[in-house]
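Undergrad: This is what each chain is made of:
Number of protein chains: 2
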Amino acid sequence: MKLNPNYAKLNESYLFADIAAKVRAFVREHPQADLISLGIGDVTRPLSPAVICELNAAAHDMAAEETFHGYGPEQGYGFLREAIVRHYAAKGVVLHDDEVFIGDGAKSDLGNMTELFSESSVLLPDPGYPAYYDVNVMAGNRIHFAAGHSRNGFKPMPPSGRRFDIIYICSPGNPTGAVYTREELKAWVDYARETGAVIFFDAAYEAFVHDRSLPTSVFEIEGARECAVEFCSFSKSAGFTGMRCGWTVVPHELAGGALNKMWLRRQTTKFNGASYVVQRAAAAALGEQGQYENRKIIDYYMRNARVIHDALTAAGIRHTGGVDSPYIWMRCPRGMTSWEYFDALLERAAVVGTPGVGFGRRGEGYFRLTAFGNAEKTARAVARLVDVTLAMTNRK
Amino acid sequence: MKLNPNYAKLNESYLFADIAAKVRAFVREHPQADLISLGIGDVTRPLSPAVICELNAAAHDMAAEETFHGYGPEQGYGFLREAIVRHYAAKGVVLHDDEVFIGDGAKSDLGNMTELFSESSVLLPDPGYPAYYDVNVMAGNRIHFAAGHSRNGFKPMPPSGRRFDIIYICSPGNPTGAVYTREELKAWVDYARETGAVIFFDAAYEAFVHDRSLPTSVFEIEGARECAVEFCSFSKSAGFTGMRCGWTVVPHELAGGALNKMWLRRQTTKFNGASYVVQRAAAAALGEQGQYENRKIIDYYMRNARVIHDALTAAGIRHTGGVDSPYIWMRCPRGMTSWEYFDALLERAAVVGTPGVGFGRRGEGYFRLTAFGNAEKTARAVARLVDVTLAMTNRK
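Line by line, the protein sequences give chains F and V.
Quick note: the first sequence uses our numbering, first residue 1, plus one each step.
Quick note: the second sequence uses our numbering, first residue 1, plus one each step.
Derived from the structure by calculation, the hints contain no laboratory data.
Worth double-checking, as some hints may not be accurate.
[Stated by the list, open to error] Label pairs and their computed distance ranges (CB to CB):
| no. | chain 1 | residue 1 | chain 2 | residue 2 | range |
| --- | --- | --- | --- | --- | --- |
| 1 | F | Gly287 | V | Asp343 | 41 to 51 Å |
| 2 | V | Tyr14 | F | Phe79 | 25 to 35 Å |
| 3 | F | Ala315 | V | Glu65 | 23 to 33 Å |
[Said to hold, decoys possible] A partial selection of chain F residues facing chain V, derived with a Cβ cut-off under 10 Å:
| no. | residue |
| --- | --- |
| 4 | Leu3 |
| 5 | Gly105 |
| 6 | Leu116 |
| 7 | Ser235 |
| 8 | Leu259 |
| 9 | Ile298 |
Using N, Cα and C, we set each Cβ at its ideal position, and we do this for glycine too.
Isolated chain F, as found in the complex (with noise of 0.2 Å):
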C-alpha cells in the first residue's frame, strides 16, 4: 500500500487537548473555584420547540410502512432546498433548487470540496479556522497566508500583484469576529474574476449578523456566481453542532457549469444524504415559527456578546467582533503571548478562552472569546476577566 505523503505533513495540534489539561490541573487544585469557560466554540441551548416538534414527526413518520424513508437524494430532499432557496430570496439572492446541495455540516463540504481542484495554491486567513490548513496540507496545496491584523481590523484584502487558484474567506469570521463590509467583499469578488480563483465562502456565522448593511452572503456581491462556492450551516443559526446539517451553493456559472456537476457526481459518488429526521428537522428551523423561536436563541447568544463587548470597551481593552458574530478577539495584555495570557487568566480570575496563536501565526498575542455560554455565567466571567487584566496591563 501507499500511503498519502500528505499526512505526514500535517502537525499534531495540540490545543484543545492542551486547554483541556490545563484546566484540568487548575480544578485539582482548586477544586472550590467558580471556573468558568468563554472558550466555547459550541452552543449551548437546547433545539427549539419546532424543530423538536418536527424531528419527533420525522421519527414517527419512520415507524410506519407507508411513511417511512429509506435512501433519500444525496443531494438533499426537495423540502429543504426549496427552504433554503427561500431563505436566501428574503434576502435579495436568486437561487436555483440544483444549485443547492445538502450536507452534513459545512466542515465536511469544506474539507471534501478540495477534492475538486488539483495542485492549487491557496489563500487562507491568518488568523483562521485551522481546518482550512489541515485539508490543503492533506490535498497537497501550496498555501499562502493573506494577514489579518489591526490595522486591517482582521480583514485582509486582495493583494496586488498576485494570484491564487482557491480564496478562504469567512464572514463573520472565526475567530476575529470581523464582518466583510458589501464594499470589501465586492473587491474581493473582483479580485477573483479578474485572476479566475475561486472564492471558499464560509457563513457559518451569517445569522448573527444583525446590521442589515452587511452582507450575510457572497451571492448579495455583483459578480459572486461566477466565481464563489458558500458553505453555510445549521449548527449555529439553529443548535445542529450535533444533529449535523449544512448546505452548500454551487452555482451554475462556475467552471461554465463544470464544477456544480463535479459535486453532484463527488456527492452521488462518496456521499448518501444527511439523515431524514435531520432534514425534516433543519427544514423546521427554516419555517416561520422555527425561524422566530431561534431568532430568540440567537439574540440569547448576542446579549452575552454584547455584555463581552462593552465591558471590553468600557475597560479600553482593544478587540474586534461581538456586535455581528457570537466572537470576541481581544489584544493580550501588552508583552504578553496567548499562552501566557490564557495562564494568568485561568489562575487569577479562573476563566477560560482560547489562546489566538492557536488560529495561526497572526493569532499570537491574541485571545478568543465566545458569546454560547450561559447568560449569567459569562457577565461574572467578564466582570473577573477585565479586573484581572486591566490589573496586569496597569501593572506593566
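Given the coordinates of chain F, assemble chain V onto it according to the supplied hints.
TA: Only chain V this time, still in chain F's reference frame:
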C-alpha cells in the same frame, strides 16, 4: 482555478435513470398493469420499535439544556463504539474501541478512505458495486478487475504473480449474493500480507449470513488485522438507509499504526461526527430488544430471498445468492443481453429488475433481483418471472 482532471474520466452512469425511463414508458402504455419491482436496492420495512423509542428519547434530550448534545466526538460516541465492539466480540473478534470509527454510512467511508493512499493500483471485483470504480477514477488510481463468473461462483480468487496496493472485497457480494468461505477469505488475507496490499472489506450485508460456518467479518480470519479495513453499516441490518449511520474498523496493526492515526486525523478534520440522535438509535439497534426485532425484519427479507431462490432452482434457472444474501444473481436466458432480458421481462411479466451489465462488463448476460420488497408482491412477481423466462428459454 485548476479542476481535478480525473473527474473528466468518469463515465456518466445512466443505469437507474434508464430503468426509470423505461418503467415510466411502460406504465404510460399499460396503466392497469400490476407492475412489481424486484430491483429495489433499498430497505422497505419501517424502523423497529426499540429503535424508534430510543430515537424519541434522544430527541427529548435535545429539547432541554441539561441533556442537550452539541458537537460530539468526530469518531463517534463511546456508547456506540462500545456497542460495536460487543457486536464483534459476539463473533469472537476482539477490537479496541479506538479502532472503530462511526460515520454516516459505509458509502462515505469507502469513498473517503481512498484519500489516505496515493497513486495506487487497485483490484476491484467485476461485477461489483459501481462506486468502487468511480471513487478510484476520481483518485486517479490504476484500476484492475478480478473477474467473477459462473466457474468461480462469482468469487474471484487472488491472481498469482501480480500485486496491487488496494483490494476491494464485498461479501456477501453486491450484486452477486456470493459469500466467501473462511478458507477463501484466508487465501485473500494471506495474499494481501504477502504482497503488501490493504483489503477494503465491505461487510454491508453481513446481517444476512445465516450459515454460521461463513465469516461475517474479515477479522474472523487470522492475519486480517495486519492487512484489512472493514466497512459496515446499519443500513441493511437495521433499516438505516435514510437514517445514515455506519462504521469503519481500522486496526492498529495496519501500516505500523499509521493508518488508524491517519483516518482519525481525516475524520477529525473533514467530518464532525454522525448525528447524536442517529447514533442513539443505532445503539438501540445493537441492544438486546433491537437485535431481536431487527432479526425478524431480516428474516422477512430472507423469506423473500428464499422464495426467489427456490422458484429459480425449481425452474432450473441458474443463479447465485439468495441464501445468505438479499441479492439473487441470475443468468439471462441463453443469448440475451441484460437489457434485452430487462425489456422482455418488463413487457411480458410487468416485473422490474436490474441489468447485470450495470455492475461491470462481466455482468453482461446476468440480472440482479433483490429481496427487499413486499413479501406477497415478491411471490407474485417471481412466479410471473419464472413463467416468462421458461417460455423464452424453451422457445430458443
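Undergrad: If a hint holds in the structure, say so; if it does not, say that too.
TA: Each hint tested on the structure:
Gly287/F and Asp343/V have their C-beta atoms about 45 Å apart, which keeps the hinted 41 to 51 Å range intact. The beta-carbon spacing between Tyr14/V and Phe79/F, approximately 26 Å, falls within the hinted interval of 25 to 35 Å. Roughly 30 Å separates the CB atoms of Ala315/F and Glu65/V, a value that falls within the hinted 23 to 33 Å. With a least beta-carbon distance of about 6 Å to chain V, the hint placing Leu3/F at the interface is held under the 10 Å criterion.
Interface restraint check for Gly105/F: the shortest CB-CB distance to chain V comes to about 5 Å, inside 10 Å, so the restraint holds. Using the Cβ-Cβ criterion of 10 Å, the hint placing Leu116/F at the interface with chain V is satisfied: the shortest such distance is roughly 5 Å. Using the Cβ-Cβ criterion of 10 Å, the hint placing Ser235/F at the interface with chain V is satisfied: the shortest such distance is roughly 8 Å. For Leu259/F, the interface hint holds, the least distance from its beta-carbon to any beta-carbon of chain V being 7 Å, beneath 10 Å.
Hint status for Ile298/F relative to chain V: violated, with the closest Cβ pair at about 15 Å, above 10 Å.
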